[in-house]
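Number of protein chains: 4
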Amino acid sequence: MNSFGRKYRVSIFGESHGVAVGVCIDGCPVGIALQQEDFLADLQRRKSGAKGTTPRVEADMPEIVSGVFNGKTTGAPITVIFRNENTRSGDYANLVAMPRPGHADYVASQKFGGYADYRGGGHFSGRVTLGMVAAGVVAKKMLTGSSIEASILEVGGKKFGEHEALLKEAMSKGDSLGGVVECHAKNIPVGLGEPFFDSVESLISHAIFSIPAVRGIEFGKGFAAAAMRGSEHNDAITDASGKTATNNAGGVNGGITNGNDVVFRVAIKPTSSISAPQQTYHFEKQTVEILEVKGRHDACIVLRVPVVVEAAAAMVLADLLLLR
Amino acid sequence: MNSFGRKYRVSIFGESHGVAVGVCIDGCPVGIALQQEDFLADLQRRKSGAKGTTPRVEADMPEIVSGVFNGKTTGAPITVIFRNENTRSGDYANLVAMPRPGHADYVASQKFGGYADYRGGGHFSGRVTLGMVAAGVVAKKMLTGSSIEASILEVGGKKFGEHEALLKEAMSKGDSLGGVVECHAKNIPVGLGEPFFDSVESLISHAIFSIPAVRGIEFGKGFAAAAMRGSEHNDAITDASGKTATNNAGGVNGGITNGNDVVFRVAIKPTSSISAPQQTYHFEKQTVEILEVKGRHDACIVLRVPVVVEAAAAMVLADLLLLR
Amino acid sequence: MNSFGRKYRVSIFGESHGVAVGVCIDGCPVGIALQQEDFLADLQRRKSGAKGTTPRVEADMPEIVSGVFNGKTTGAPITVIFRNENTRSGDYANLVAMPRPGHADYVASQKFGGYADYRGGGHFSGRVTLGMVAAGVVAKKMLTGSSIEASILEVGGKKFGEHEALLKEAMSKGDSLGGVVECHAKNIPVGLGEPFFDSVESLISHAIFSIPAVRGIEFGKGFAAAAMRGSEHNDAITDASGKTATNNAGGVNGGITNGNDVVFRVAIKPTSSISAPQQTYHFEKQTVEILEVKGRHDACIVLRVPVVVEAAAAMVLADLLLLR
Amino acid sequence: MNSFGRKYRVSIFGESHGVAVGVCIDGCPVGIALQQEDFLADLQRRKSGAKGTTPRVEADMPEIVSGVFNGKTTGAPITVIFRNENTRSGDYANLVAMPRPGHADYVASQKFGGYADYRGGGHFSGRVTLGMVAAGVVAKKMLTGSSIEASILEVGGKKFGEHEALLKEAMSKGDSLGGVVECHAKNIPVGLGEPFFDSVESLISHAIFSIPAVRGIEFGKGFAAAAMRGSEHNDAITDASGKTATNNAGGVNGGITNGNDVVFRVAIKPTSSISAPQQTYHFEKQTVEILEVKGRHDACIVLRVPVVVEAAAAMVLADLLLLR
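Line order of the protein sequences matches chains E, A, V and F.
Just so you know, the first sequence maps onto residues 179 to 502 in my numbering.
Just so you know, the second sequence maps onto residues 179 to 502 in my numbering.
Just so you know, the third sequence maps onto residues 179 to 502 in my numbering.
Just so you know, the fourth sequence maps onto residues 179 to 502 in my numbering.
These are calculated hints, taken from the structure and not from any lab test.
Hints are supplied without guarantee of correctness; some may be wrong.
Same chains, same label: a pair holds when it works inside one copy or across any pair of copies.
Unchecked claim - Taking lysine-lysine pairs in the DSS-like style, the calculated list, with each CA pair at most 27 Å apart, reads:
no.: 1; residue 1: K336; residue 2: K351
no.: 2; residue 1: K351; residue 2: K250
no.: 3; residue 1: K421; residue 2: K472
no.: 4; residue 1: K250; residue 2: K229
no.: 5; residue 1: K337; residue 2: K351
no.: 6; residue 1: K463; residue 2: K421
no.: 7; residue 1: K185; residue 2: K319
no.: 8; residue 1: K225; residue 2: K351
no.: 9; residue 1: K472; residue 2: K250
no.: 10; residue 1: K472; residue 2: K185
no.: 11; residue 1: K351; residue 2: K364
no.: 12; residue 1: K336; residue 2: K185
no.: 13; residue 1: K185; residue 2: K346
no.: 14; residue 1: K225; residue 2: K346
no.: 15; residue 1: K319; residue 2: K351
no.: 16; residue 1: K336; residue 2: K229
no.: 17; residue 1: K463; residue 2: K319
no.: 18; residue 1: K319; residue 2: K421
Modelling step: build the complete structure from the supplied sequences, incorporating the hints.
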């Protein structure tokens, strides 16, 4: 389903090449100052334009349709809409017969029986994350005193900043690269998280895996913890505020925030849409054929992902704050 | 909260040293043969007893309290209870003042203000996963024709089977080890998954992170995918059933099963409860002190986790099957 | 909260004098023909214009923003927006100090601390039911072979049709009238309803009481059943399809449809907004004062309610159909 | 489904003649004193034994299985179980072929395809309301300073107390009577209720219609309001606390409590199980036959309902209090 959250409830809608994409946010507290300008900085970080991102550039101007009065949230649902403008839908017609490897084309045709909007990935498009970014902006405003910051650690296996030659080379071959994003949430109150099932890690991972191209998530030491000993991994508590000497746990014990920074890393696969020729099954000809994907794509989607990761974390933490 | 699932809805209850732990399963279809014996094989796999597991051995005999009539499920909620019998609660009294590093003691005292049942970890205990295993047994019965199998890949950084000397040595020092579990779900129908927010990965990770000690999850190539190129990572579709030449995606595209095996790995941290001395904050004395944890614990909880991982995956896939 | 339904999930947003009101519908099956024209007949029935309804007449032209492709539903969320155009917000400024009796003005100021949009009732306005009517149109399309029809039984205690002189007289005094609406859902399959808590009556009443001005609901014989004997009230089953000789139960036994017509009645109070002078508390002057409500209002809102009642019933029955 | 509530979440399980019935309550705050004795007074009010109630008398002794430690709630789920002891299941075998008029027998056989536990009504039995009463006891403890009291207004169309001859006569003929229950919730804070969809009336009616035999509900003046004028029905606000001169609204405006008593009435049908002969369809013989219902039944179930109505109201108001 297209909704997430229990009190701060975010509902996503829209298609890449339809009329618009957007979000409806229910459960936002009253009195939060909110206007169009507040969204622009985060939206800008998600935008394409940099080397390695798609040449499709949209204005991404948010229209606040409901839930704000006299510049403040009213407690009623906040709906924000982004009109699609720069679309070239003709590029996608052949993908129905020849589903792109790594993409949702095949599963969408199976699940939605030919009715899914295939243009630009339709509702599966990364463009739908615009609504998440908007919901993240509002959530960050609710988390007064906290900060949530995600940044790129690696691109294509190289440390971020040392990856540029690799990206240039991959692009020259019509290929794509993945990467790793790390997120730090600071000054998060102790006690957020609702285990057994709604642990902080459960909810953050749930939200994060809704972002297209995510393949893994780990908290604190993550997979490295599996090779550590308890005596190494345990974080000694050093004061009455719960501060720990190390932060191997990534700020969460027993599914509940412990007051130290919440830290997690996210693995992003290389963009599935590549212009280099690939094999796929041709469902009309009933043979394997060579596909050359047209359309405009990101060679390295990870470059646009950090602000979406922040939004996912902010949505979850804002919801947990309201539930506490 | 303590419930999970939209149609196959699992509610967990109980404490480690209370009267009982158990599960209430709502939404199970009618007519599934179910009796006490059906639970025993999976419960046995979760049991302690092997080297590296706790000396507390419980009978773990399930009592089916509702939802079954004439040996078949009725469509009404199925409640299964496990009485606690082998408890030694005196061991835990000092943990209120001196919270164990890596454990929920500190966050529980903050969140529940001194009211939480601290005996044996209370509702945070791994013992609560008994209910998940029971829910997994029923879910597996719903997934006719499919199989879900989890096994240990690594313990303490060593390949499983090559780890035994390491475990012996860690135990001799009162220390603990972590590990990695891999799960394969085979013959899963195409089309399970309800993105945008309820992708297969979102729901499986949500359920998996409710298992105590989990620190990371990755699907298909997972974190390794972040260093691959699109041309390497994309799985070429080779026939009309959606079969792919490789399975780097781990059986999921766009959040929806594609008919190939669903594959994921889970990182388990070393058990937090170790008998080796550790530093922690003494909340009464208001200084850092040395803690020696008593009680009976698993030196290597990962040995008991695979069947719980299977249960989490089965719960999710059964729910998605009903939602399709 | 502003969402309703478990699989067919309807989220309402918007304010009477804001940018727009609308609805986001999640969980609609694929392949249902849907275009702007399909909404117009039901929207017309909800419109003002008849004697006894408000002189504020809006175009109420629905814009389908997402979820439809090539004239068919895609399985992605369907968002429909209605722009507000004919607003006169200056009329409402004094209601903050002097809340209207019978209205939400006082509770809204208490609950939302002065941040609620008070113009035209804001998110409490009956105008918000436009989104319900739109969701009802789509739901009716899902209920192939069934019909849902609501009509007015009584106005101001008189049989509908015999009420016109009474209405004219009430209007001449700046007063308002209530009424009773009856709804019949025919050809509903046997077996809809998910007790214990999600009985047909539970869900229909939940949806119906979200319509402003509803004060009561009864199924089948309703309150009259309380004075009957079991031998009178029990409906004898007369054939293998479950057809009953009488339909005192209103088509529901044990919370589940029995194949006979689902019948319920809804009590609508007289519109709270009247132009006749009334006493209310003046929160600035701290005395009881005389209020004369300005703005444009319905003297008899029941005249516009039947199509909203149908929509509520259709939403519930469509959801239950998907859940069956 | 068998769960209700968003933060105070009540899950019901069990069958009339199975092992037990019970309830699992999630989301209860910590620190509420709770022990077995606390349930007994309300359970006693629900018990049979009075004239007009079933001769099946159960001990109804609650076992608290989880969620309480040192006599206080811990924040973990509270599970309470009632073992069934006094059952005579042989009485019900013939109802599969000959469904009882007014009962769930026919719809259950259609919906659950022969797998439902038919003994004593199974999961449709009024006995399942034991769990609701238990959840109501805990909810009332959360509503400090408030009171919730339901009482019988009418039995069989006569004022309560004046009905006894009528009941005696109906029982002598193997017939049954219905009645009306009125509930008053006093000292409820202003501002409870979460419209648009989760108005106070929506949630209370949702919970109330899950009680077997309920046919109608009305708030304040209810159906009588439909024949009133706005100038009569509007309640004049008389002071800064929102106190109104009259309480025609039953304490709710715009779906939100206004600080006056919440008042509603519930119509209870005459018990469907009567020993007087009735016609029903015989599904094996495929003809209409005469049924004489055996088993032990309540001639006048309304006598046991008030405490269940209170429980439903308390569950909703406690949930809304947590959500505020």
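Comparing the hints with the structure gives:
1. K336 with K351: within (18 Å within a copy, 39 Å between copies)
2. K351 with K250: neither (49 Å within a copy, 39 Å between copies)
3. K421 with K472: Answer is between: at 24 Å across copies they meet the 27 Å cutoff, but 52 Å inside does not.
4. K250 with K229: neither (37 Å within a copy, 38 Å between copies)
5. K337 with K351: Intra 21 Å, inter 38 Å, cutoff 27 Å: intra-copy only.
6. K463 with K421: between (63 Å within a copy, 16 Å between copies)
7. K185 with K319: both (16 Å within a copy, 24 Å between copies)
8. K225 with K351: For K225 and K351, the Cα distance is within 27 Å only inside one copy (24 Å; across copies 53 Å).
9. K472 with K250: For K472 and K250, only the inter-copy Cα distance (26 Å) is at most 27 Å; the intra-copy one is 44 Å.
10. K472 with K185: neither (42 Å within a copy, 36 Å between copies)
11. K351 with K364: neither (40 Å within a copy, 35 Å between copies)
12. K336 with K185: The answer is neither: 40 Å in one copy and 43 Å across copies each exceed 27 Å.
13. K185 with K346: Result: close neither inside a copy nor across copies, 44 Å intra and 46 Å inter.
14. K225 with K346: For K225 and K346, only the intra-copy Cα distance (19 Å) is at most 27 Å; the inter-copy one is 54 Å.
15. K319 with K351: Result: close neither inside a copy nor across copies, 42 Å intra and 48 Å inter.
16. K336 with K229: Only inside one copy: K336 and K229 sit 17 Å apart there, 41 Å across copies, limit 27 Å.
17. K463 with K319: neither (53 Å within a copy, 36 Å between copies)
18. K319 with K421: Classified as within; 25 Å inside a copy, 36 Å across copies.
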